[in-house]
Amino acid sequence: MEEFFQQLTNGLAVGGIYALIALGYTMVYGVMKLINFAHGDLFTIGAYLGLTLLTSLSLTGRFGALAGVLILAVMVMALVGIVGIVLERAAYRPLRESPRLSAVVSALGASIFLQNTVMLIYGAKFHFYPQNILPKITIHLFGLPIPLMRIIILLTSLIMMAALYLFIQKTKVGTAIRAAAIDQGAARLMGIDVNLVIMIVFLIGPALGGAAGLMVGLYYGHINFTMGWIYGLKAFTAAILGGIGNIPGAMVGGLLLGVIEAMGAAYISIAWKDAIAFCVLILILIVRPTGLLGERVAEKV
Amino acid sequence: MKDNRVIYGILLAVAAVNLHLLLTVYSVDAETQVGIFAILGLSMILMEGHANYFKMGHSLGYAIFILILVMSPLLLNRYWVDVLNNVGLYALLGLSLNIILGHAGLFNMGHASFYAVGAYTAAILNTSYGIPVLWLLPVAGLAAGLFAAVVARPIIHLRGDYLLIVTIGFVEIIRIALVNNVFGITGGSNGIFGISRPELFGFRIRRPHEFFYLIWFFVAVTVFLFHRLEGSRFGRALNYLREDEVAAEGSGINIAHYKLLAFILGATWAGMAGVLYATKMTIISPESFSFWESVLVFLIVILGGSGSIPGAILGAFLIVGLPEIFRGFANARMLIFGAVMMLMMIFRTQGILPSRARRFSVD
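Residue numbers (this note's numbering), protein chains in the order written: chain A, 7 to 307; chain B, 710 to 1072.
Some clues are possibly wrong.
[Said to hold, decoys possible] Derived coverage of chain A by chain B (criterion: at least 3 residues anywhere in the stretch with Cβ under 8 Å from a Cβ of chain B; other residues may be distant):
| no. | region |
| --- | --- |
| 1 | 101–107 |
| 2 | 117–131 |
| 3 | 236–246 |
| 4 | 280–294 |
[As the list claims (entries may be wrong)] A few chain A residues facing chain B, derived, Cβ under 10 Å:
| no. | residue |
| --- | --- |
| 5 | Tyr35 |
| 6 | Lys39 |
| 7 | Ile41 |
| 8 | Ala96 |
| 9 | Ala97 |
| 10 | Val110 |
| 11 | Val111 |
| 12 | Ser112 |
| 13 | Ala113 |
| 14 | Leu114 |
| 15 | Ile250 |
| 16 | Ser275 |
| 17 | Gly297 |
| 18 | Gly300 |
Honestly, the hints are just simulated from the structure, not real lab data. Everything numeric in this text was worked out from a predicted model, so none of it was measured. Every residue, glycine too, gets a C-beta built ideally from N, C-alpha and C.
One chain only, chain B, in its complex shape (with noise of 0.2 Å):
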């Protein structure tokens, strides 16, 4: 048993050496090559971190994770920089569609529709009075929470499949809202242009390695707070309403109530998330809040592992860097990517890094 790590070293090894042969062969040049080991190695260390396959222990997989992750700028190229701050973004996402979907487990694939209330306010405020773009992080976070709070009351109560469908009208509805003008504030479908860049101590945040950092720090916080909500009595009352919504109710817990709590918290998130992508952007146009970008987050928690902290980082990776990492094929990525899906939900039904049950100690 104690070779178990040997055999799974050397079989990583090989695989290491093969899919370098491979990329060489189809002539992917070096920087590139860099940024996909980069990608597969910390998902790698982060499954590592999450399921202890080395026997290592969890805090030292993931304090190597953090390391690598600290580093990477150092190591790679702006593009795949870039593509670590779109995973850094998706994983703020996934994680605060993680409350809604992955603990409490509503069926919502309209978090696009919090995403683009945050960007757009922040767009708004930043472009017609000049407020710094950091400061209307917690302004956009509350208009996105506040939205759902007004959408989400009356429909609260709707079961699974139907709540999903309205999850997703609204996605629509918000879209065509953009699209349309409403209110001649929302730029058409052309979008609004100039958003500032971020400046922190009189320090302008402008390169994709300075991003990185911002938006890392940002997952960092997220993930020590909702880590810490998980085993909150708010966090433990969410699981309980996933798992039997009558039981729950039994037990005095206020299921609309709870449920309210976790649209409007993850939805504060999703647009905080909304004012970092329009800030490292600087243009936003209604097209990157359509319905496939809800798609795209929902699959991010169920692929990682619906309701763990580790797989919603990990399905960011999965879902932002598998596309790139597969770009060599051109055409063919996403058709590779839909196959992928399948099978993974076929082989790993539960997810990648489904949560772990709580232990607590007898004594």
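This is chain A alone, in the form it adopts within the complex (with noise of 0.2 Å):
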């Protein structure tokens, strides 16, 4: 039982982390119904950025730990939301008008040319993160030894994500991100400035892709630049999972990947723990073909 629920927790850590990937190409293929291949790539430039600020200000210094994290943390989702805005400007409003499988190209071009830039300034090398910034403490919950680590990760990404949610739901912005996602042409009309709002989008996406790569640096301790393939894969797994263009469905698919990894990987086989995530996507689209919780489309006749 104890194994269960560290699979579990650590499950919903790693999946929090997908979640707030997952977030990016959700809300970016809401808005312009467009896969943002390029997003795991920015993930990895935030791991990257974290780790050079980190290391080159020694915020943990001169703040504390927990502040010095902090602080690190508002300045990688700045820096990755302004590369994400950047990023849009030059690979995808050129093709706003075109159809779908050119932006797809130039995205997975925008990728490459990202990861290819990580490795041109940082080397091919695995990159370590400093190992004493947070203080290894492990939680005795309910009689359960968790790391600090995993708590904190996990509510960080759950706090992100309320934060959001109340963002889209609740502010005169996040409707019009609604509206945008809806029907472009009708916010238009309505005085939104759809230019404004894909702009935004692609800095909280890229922000919260940034954030979680700093969390994985910090959880996993170490880094390389093509790991933005294979979580971006996976975060796009989630938000398929819970429906593209949803954006609880994007945290409920994160999580969800994120503890059957974990359950498969430790009661299945570990050797097949990424294709036990496909497997389940595979099944839960065969019987729900929008995923979780996508809308069912009507056919436009």
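Two chains, two frames, a set of hints: combine them into the complex.
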């Protein structure tokens, strides 16, 4: 039973990271109907920027552990958000009116470009986060020893998701984003600046992805320039699992995927870990073709 | 207007001389330069055949392309002939995906899984039972087609992006299954080695120059068959359901049936390309059939111009050839590759050689 809860909490922590990345995919998809394949690489950039800022500015030394990491997270999110906006300007805006597949190819090109930029700057080796940033404390929760890091990651991702949900549901900008996702033309007629909405989406999505990159760096301790591919793929799977374009769907999908993977690795076979996630995805899509929370789209004639 | 071709010709000559000077400055040796010029030249002649800038007629353009391609093993060294062999293999994959993605409009990013099934079927049957490789071409093709029929059946109704991720899932599942040595016959992450060379009328095909003719003969047969297919009832039905699924169904086209057929046909061809790959390399391992491979084939179809046969071949030249050409830039070559992809899509949205609309004479 103890192993079960260990795997559950681990799965939830990883799932929280997946969910944060998946939100970037799903928001961009919702507004632009575009799969932003470069999103995984924005996540990588977040991880590397976090490492650089952490070691060069020695934030934790100056402000204490928690405040330092918090400042670091804000800086990383802001920087990755800016990269996201630049990416949208350079690679996606010129293709706004073109067939969707061209935009997909442009996104793949952007992904290769960003990945190799990271490789040229930092080299192809694994990089390691300093291991003494946050104190290694194990908290006993209901008699279970759980690393503090795991709890922090799960809590942070949950807080971010809740904040995003409230932002989308309650604020004026959030309403504009939802409106643009439903019908861009009509939104424009209602006086919504769709370009601005897309810019905001490309600020928030990559910022969350960058935060996820930082979390992976802090949680696992090592990062590599290709890790964006596999995390991006998993997060995209999570977004599809929940129903792409649907923000609560991405959250549910991410957490679910993390738990399924952790459980599959523990109880079935660790070698088949990645395959299990995809098998579950395929099974769910056979039963529910638009994901768990996706709306059924009526065929327009 | 008539002088346009003179201007094009002068510009081309100037560009070629400049490229030659640039390559010389970067001290690229003569044989590599010949290879680079062969790849670029062949791509441009192919474009000429399709777009007819020089007003020499489509068939003359293609004829020149075929002539130079057939002669190229005599001019190039082993390395560049092998590059052309890879171009041929990717052209086969591109042509087969073109049926699924270009004609039927199904977002399939899992083509490497069909390729893998074909290659592994051939490798297992060849190494365990000693069946000659070329006999396995239809067998492996059928195996891949059958695999496609089984896995595509339940997911054929999925829409665009959902289909995309599921097909990506197939590639990953197949790759992981191969790594984990499923049924104990795939050799795990080391793969299978010792696949025999093809034998044709008692002649053993071994060197890249010999493989060149085998592979490109197969490409030629494929082009002929697929060209016939495009105009057939089947090809037209696929184009119709790509343009408007609902209208196609309304006109009495059984869309699930045709989509499945497109998948099976594309997979069969990819499986046969897998056999050629296995016998060319003599070693296959799961890493050759990764998600990245699927992405490359996807790019070949879209960059070249989806739904167009010359487009798929040109896409293969660019995707395989460009990284070879930029080899001199070592680490930065993939960076350039990514940038070129973005720029191409921005300035040439429909691909370089989009399929021409079918024309019917009025009388």
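Now the hints, each set against the structure:
Interface restraint, the region 101–107 of chain A with chain B: holds (5 residues with C-beta to C-beta distance below 8 Å; minimum three). Beta-carbon proximity to chain B at under 8 Å applies to 9 residues in the region 117–131 of chain A; the threshold of 3 is reached and the given coverage holds. For the region 236–246 of chain A, the stated coverage by chain B holds: 4 residues have a C-beta nearer than 8 Å to a C-beta of that chain, and at least 3 were required. Interface restraint, the region 280–294 of chain A with chain B: holds (8 residues with C-beta to C-beta distance below 8 Å; minimum three).
Given hint, Tyr35(A) at the interface with chain B, holds; its Cβ is 7 Å from that chain's nearest Cβ, closer than 10 Å. For the restraint placing Lys39(A) at the interface with chain B, the shortest Cβ-Cβ distance is roughly 9 Å, inside the 10 Å limit, so the hint holds. With a least beta-carbon distance of about 6 Å to chain B, the hint placing Ile41(A) at the interface is held under the 10 Å criterion. Against a cut-off of 10 Å between C-beta atoms, the interface hint on Ala96(A) holds, since the closest Cβ of chain B lies about 7 Å away.
Checking Ala97(A) against chain B by beta carbon gives a least distance of about 5 Å; that is within 10 Å, so the hint holds. Checking Val110(A) against chain B: minimum C-beta separation of about 7 Å stays under 10 Å; hint holds. A hinted interface residue such as Val111(A) counts as satisfied when its beta carbon comes closer than 10 Å to some beta carbon of chain B; here the least separation is about 5 Å, so the hint holds. Of the supplied interface hints, the one on Ser112(A) holds, with its beta-carbon coming within about 4 Å of a beta-carbon of chain B, less than 10 Å.
Because the smallest distance between the Cβ of Ala113(A) and any Cβ of chain B comes to about 9 Å, under 10 Å, the interface hint for this residue holds. The restraint placing Leu114(A) at the interface with chain B holds, with a minimum CB-CB distance near 6 Å, inside the 10 Å limit. Hint status for Ile250(A): holds, given a least beta-carbon distance of 6 Å to chain B, under 10 Å. Using the Cβ-Cβ criterion of 10 Å, the hint placing Ser275(A) at the interface with chain B is satisfied: the shortest such distance is roughly 8 Å.
With a least beta-carbon distance of about 8 Å to chain B, the hint placing Gly297(A) at the interface is held under the 10 Å criterion. At a threshold of 10 Å, the smallest CB-CB gap from Gly300(A) to chain B is about 9 Å, leaving the interface hint in force.
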